[in-house]
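A.B. asks: Here is what each chain is made of, one letter per residue.
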Amino acid sequence: MMNAQHTGRRLAIIVATVTLALGVVRAQQAQAPAGPAQQPSDLSLVISGDPGTPPRYAVPDFVALSPDAADAAKTVGQVLWDDLNFEREFYLIPRDTYATVPVARSGDQVPFAAWRELGADAVVFGTVQKSGQNLTVQVRLLNVRTRQSVFSKEYLVTNPRLAAHTVSDEIHQQQRALKGVARTKLAFSSDRNKESVAGPIKNRDVKEIYMSDYDGAAPRRITTSRDLNITPVWSPDARAIAYTSYRRTVPDIFVSLIYQGILQNPTKGQGSNFLPIYSPDGTRMAFMSNRDGNPEIYVMNVDGSNVRRVTNHPGGDASPTWSPNGQQLAFTSDRSGAPQIYVVSVDGTNLRRITTSESYADRPTWAPAGLNEIAFAARTPGGFDVKVYDVVTQQTRQLTFGEGTNESPAYSPNGRHLAFTSTRAGRVQIFTMTRDGRDVRQITRDGNNWTPSWSN
Amino acid sequence: MRRPFLLVLTLFIAVAIVGCGKKKPPIVQPAPPPATASTPQSAAPPPQRVEEPLPVPQQPLSEDAIGNRSLDDLNRDSPLKPALFALDSAELDDMGRATVQANAEILKKYPTWQVTIEGHCDERGTAEYNLALGERRAVAVKTYLVSLGISADRLRTVSYGKEFPFEPAHNEDAWSKNRRGHFVITSK
Chain A
1 MMNAQHTGRR LAIIVATVTL ALGVVRAQQA QAPAGPAQQP SDLSLVISGD PGTPPRYAVP
61 DFVALSPDAA DAAKTVGQVL WDDLNFEREF YLIPRDTYAT VPVARSGDQV PFAAWRELGA
121 DAVVFGTVQK SGQNLTVQVR LLNVRTRQSV FSKEYLVTNP RLAAHTVSDE IHQQQRALKG
181 VARTKLAFSS DRNKESVAGP IKNRDVKEIY MSDYDGAAPR RITTSRDLNI TPVWSPDARA
241 IAYTSYRRTV PDIFVSLIYQ GILQNPTKGQ GSNFLPIYSP DGTRMAFMSN RDGNPEIYVM
301 NVDGSNVRRV TNHPGGDASP TWSPNGQQLA FTSDRSGAPQ IYVVSVDGTN LRRITTSESY
361 ADRPTWAPAG LNEIAFAART PGGFDVKVYD VVTQQTRQLT FGEGTNESPA YSPNGRHLAF
421 TSTRAGRVQI FTMTRDGRDV RQITRDGNNW TPSWSN
Chain B
1001 MRRPFLLVLT LFIAVAIVGC GKKKPPIVQP APPPATASTP QSAAPPPQRV EEPLPVPQQP
1061 LSEDAIGNRS LDDLNRDSPL KPALFALDSA ELDDMGRATV QANAEILKKY PTWQVTIEGH
1121 CDERGTAEYN LALGERRAVA VKTYLVSLGI SADRLRTVSY GKEFPFEPAH NEDAWSKNRR
1181 GHFVITSK
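So the sequence lines, in the order shown, correspond to chains A and B. Heads up: the first sequence runs through residues 1 to 456, numbered per this note's numbering. Heads up: the second sequence runs through residues 1001 to 1188, numbered per this note's numbering.
Chain A extracted, bound-state conformation (with noise of 0.2 Å):
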């Protein structure tokens, strides 16, 4: 039992902290990604910058215990700062800054006062041992001014690389409330293989899907058909990749278990069948058919049955996306025209077109739950930009402007983030942009790569 005295100096201690914390949360609102945040579950280990300011963040190399961990240890320390990065809620001190600090060997020298004097708040320190195949990770995250760890862990992994955005993941977590995606993977489309396609008409190259890291590493092929396979979506799950592919010539939805190596075919050849796309709750999934004689948006269970047709109009309805409550749909639709984005219940009630001031307005792409937005590509004189409309004000910002053509957006699972593919490096390549259009990365570098899709 406390006495009272105790427990209201307790009281005025984590009202304080929540006041900070709040404030550096409200500053960090202005210039972070934005997002949906949250307080940490416990305020006592979380670590702050000077007010105003995001705590600045040093990740040196994690310590190879054994020489054959070097390699490994040098993977974790360089991925750890790029995912620590990635969400900018801290600031990530440069790694090529570190020379002037000593090298700790074990968590009892790291060098408290060298760190300080490089303006560091927060210093990680972390070891790889390798045994085998596996390794055996230890992550502390100190606080460099009261030099005690508020974060501690041991991981065995096979993969550096998952280690790493682990603990990024976990630490995002603890220090911000806050989902990262350091864990997430993207699917796509792509010719790297620089196949061509059997026949005699020229130039027909092989399109496959592919998975990556959210970073664009380890890239993995999951088709093999050599035809074309494309728009591919992820199951909420994370376990299975829906697409479309023309390995039956006409083009058909198949869904790859990725973990299981089973190809499900939920439609079935029921005519042509384009662009699938998960329910948020991964029981149903929409698409485009023209099973009816003309391109219109169905809703069917992922088994395939209980298919429903939700647009019934002679133009051509495409790109179907659903809201985060699974009860309505956007999707395009060029009945007044030109492509424009509609909103309509997945019943068929209901609708109505949101773009109003577009030529031409395209994969409509609505954020996840608490963003209240649909991501869309609009032509411009360049090509094309992504611009996000507001659901709520009814309000629509761009996001990219004129740097090549823009396609094809896809939120990260956080909503803080999105993938789109653009042109300009040269070829299409996948780029992730923060929700506000900052942060420009670019993801694929192999080939041409289309149609990203972003996991849970």
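Treat the hints as calculated values from the structure; they're not laboratory data. The model shown is predicted, which means the values in this text are computed figures rather than measured ones. Warning: the hint list may mix true and false statements.
Said to hold, decoys possible - Below 27 Å or equal to it, Euclidean Cα-Cα: the simulated DSSO-like pairs (lysine-lysine) are:
{"no.": "1", "chain 1": "A", "residue 1": "K202", "chain 2": "B", "residue 2": "K1188"}
{"no.": "2", "chain 1": "A", "residue 1": "K74", "chain 2": "A", "residue 2": "K202"}
{"no.": "3", "chain 1": "B", "residue 1": "K1177", "chain 2": "B", "residue 2": "K1081"}
{"no.": "4", "chain 1": "A", "residue 1": "K194", "chain 2": "B", "residue 2": "K1188"}
{"no.": "5", "chain 1": "B", "residue 1": "K1188", "chain 2": "A", "residue 2": "K153"}
{"no.": "6", "chain 1": "A", "residue 1": "K179", "chain 2": "A", "residue 2": "K153"}
{"no.": "7", "chain 1": "A", "residue 1": "K153", "chain 2": "B", "residue 2": "K1177"}
Claimed, not checked - Listed next, the stretches of chain A that the computed footprint assigns to chain B, with coverage defined by at least 3 CB atoms under 8 Å from CB atoms of chain B:
{"no.": "8", "segment": "52-59"}
{"no.": "9", "segment": "226-240"}
{"no.": "10", "segment": "269-282"}
{"no.": "11", "segment": "317-323"}
{"no.": "12", "segment": "438-446"}
Beta carbons: idealized from backbone N, C-alpha and C, even for Gly.
Mind docking chain B on chain A? Use the hints.
C.D. replies: For chain B alone, coordinates are given in the frame of chain A:
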């Protein structure tokens, strides 16, 4: 688990047999005269000539340089010309209709041909919507062909959006060629 496979195999064989039957109509030729044994018994008999009629390759129709070509050859340099479309449009203009009319005449001349109409778009539209636009272009061509008397059973549509441009360049000339209803002969 094996039954569907067997069913598919059986269907496939059945279709193949029916298909073959259709392709080569029986050729009516006079029966060969019966062989007569007129040589005397004493001499060594010359070997008996045993023959049956062989089907002769079908005569090409007069001045038919097209009907003889293989499917791949036909599709490499097709007598069926692509119907071209205006930017963002899925409607056949006068030139597009004239092209489809000419193709309809050829399809009437070769009534066994089956055709896939591919809908294609140029790169100036978005990847996703272009799948719908390509579909609408292919359907526009098919609908017009049907109105000209070509059976819908012979026509299939496939939209390729902007995935398979015919001309890789990024200019007006390439774009105009990439907005097309492209004809692929899938069976003769």
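A.B. asks: State for each hint whether it applies.
C.D. replies: These are the hints, each one checked on the structure:
A threshold of 27 Å between alpha carbons decides the hint, and for A/K202 with B/K1188 the separation of about 22 Å falls inside it, so the pair holds. At most 27 Å may separate the alpha-carbon atoms for a hinted pair to count; A/K74 and A/K202 exceed this at roughly 46 Å. About 11 Å separates the Cα atoms of B/K1177 and B/K1081, which keeps this hinted pair within 27 Å; it holds. Of the pairs offered as hints, the one joining A/K194 and B/K1188 is violated, with about 32 Å between alpha carbons and a cut-off of 27 Å exceeded.
A C-alpha spacing of about 69 Å is found between B/K1188 and A/K153, which places the hinted pair above 27 Å, so the restraint is violated. The hinted pair formed by A/K179 and A/K153 meets the criterion: a straight-line CA distance of about 18 Å does not exceed 27 Å. Note on A/K153 and B/K1177: the hinted pairing is violated, with a Cα-Cα distance of about 61 Å set against a maximum of 27 Å. Taking a C-beta to C-beta cut-off of 8 Å, the segment 52-59 of chain A contributes 0 residues in contact with chain B, too few for the three needed, and the coverage statement is violated.
With a threshold of 8 Å between beta carbons, the proposed coverage of the segment 226-240 of chain A by chain B holds, since 3 of its residues qualify and at least three are required. Given as covered by chain B, the segment 269-282 of chain A passes the check, having 3 residues with a CB less than 8 Å from a CB of that chain where 3 are the minimum. Figure legend: the segment 317-323 of chain A, annotated as covered by chain B; annotation consistent (3 residues with Cβ-Cβ distances under 8 Å, at least 3 required). Counting residues of the segment 438-446 of chain A whose beta-carbon sits less than 8 Å from any beta-carbon of chain B gives 0, not enough to reach three: the coverage restraint is violated.
In the structure shown, a violation is registered for the earlier hints numbered 2, 4, 5, 7, 8, 12, in ascending order.
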